[in-house]
Amino acid sequence: MTRRVSKITRNEQIDLLIGFITSANIIATIAAKLNNIPCLISERNNPLSNSIPKFWLILRKHVYPMANHLIVQTKNVKQIYVPLVKSRDISILPNPLSSELSLLRNETHPRENIILSVGRLTNDKQHHKLINAFHTLEPEGWKVMIIGAGPKKESLIELIKSHDLGDKIEILSHIKDIHNYYNKASLFVFTSKSEGFPNALLEAMHFSLPCISTDCDFGPSDLINDGVNGFLVPVDDQNLLTSKMSELIYEEKLRTQFSEKARETSEQYTSKKVTAQWDAIIKTHIK
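In terms of the UniProt record's numbering, the sequence shown has 49 at position 49, counting the first letter as 1, and numbering is strictly consecutive.
Hints in this document: simulated from the structure, not taken from any laboratory. Backbone N, C-alpha and C fix where the C-beta goes; we use that ideal spot for every residue, glycine too. One thing to keep in mind: the hints can contain errors.
Here are the simulated DSSO-like pairs of lysine-lysine, each with C-alpha atoms no more than 30 Å apart in a straight line [said to hold, decoys possible]: (1) 143 / 176; (2) 7 / 75; (3) 184 / 253.
Distance windows between CB atoms, simulated [to be verified]: (4) 15 / 50: 32 to 42 Å; (5) 2 / 109: 47 to 57 Å; (6) 158 / 278: 40 to 50 Å; (7) 33 / 284: 17 to 27 Å.
All chains, please: the whole structure from these sequences, using the hints.
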């Protein structure tokens, strides 16, 4: 693959290579060096993930320092790479908000007593924590909607049944009009224990939803300033998650405060702003 990319680079007289994800970053960097052109690499996933084969991890250690610039999505990911790549050669550029999704935001849509969560139904997303917290509280007139698909769906349905909450907690899969749920929910809860970048959390904030998120390794703490524009709770603190949910369910004034601040924060992540940052970095490396 590296030889093929190198040949294409030479034949097409490419001025700059950009890689995304570990394997592509390594291939792009080597191909760029063979052709004496600059290379930008971008890490999009959790760098500590066990899903990255050891072969690529070994190569990453030796090849990443050869790249001209590394782009990561969060401040904590940057700290992971500082021992490997000089700090001045690392930039933090998050995923941008979808322009199409932004156009579907409706500030006049009436909010309902819905606690929303969006994400794949996997072990890492820990939706069971939201279900258990809601079971503890069982607030009158509120319900939970979990949007996502994945291998944990059946076990989550069984958990809901065991709590006799089938009429209050709903799991929706393969939803295309997700904006409708962002527009009508009153609270967003994000329970992940591992992230590359929490896109769903950012989207919820852009739709002016007050948010509670676990403070997992990468992402949420870049978006949420605890107690200012949302709540951060330790990944394994079920009691605090339940307490913060209760606080936002019963304190409408606090929900309004977080809603406004969350929307303000999200404006830093528009496609226009993130694209401009990418353009600036690219222009500094083109000969």
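Here is how each hint holds up against the structure:
no.: 1; hint: 143 / 176; result: 21 Å, holds
no.: 2; hint: 7 / 75; result: 35 Å, violated
no.: 3; hint: 184 / 253; result: 18 Å, holds
no.: 4; hint: 15 / 50: 32 to 42 Å; result: 36 Å, holds
no.: 5; hint: 2 / 109: 47 to 57 Å; result: 51 Å, holds
no.: 6; hint: 158 / 278: 40 to 50 Å; result: 45 Å, holds
no.: 7; hint: 33 / 284: 17 to 27 Å; result: 19 Å, holds
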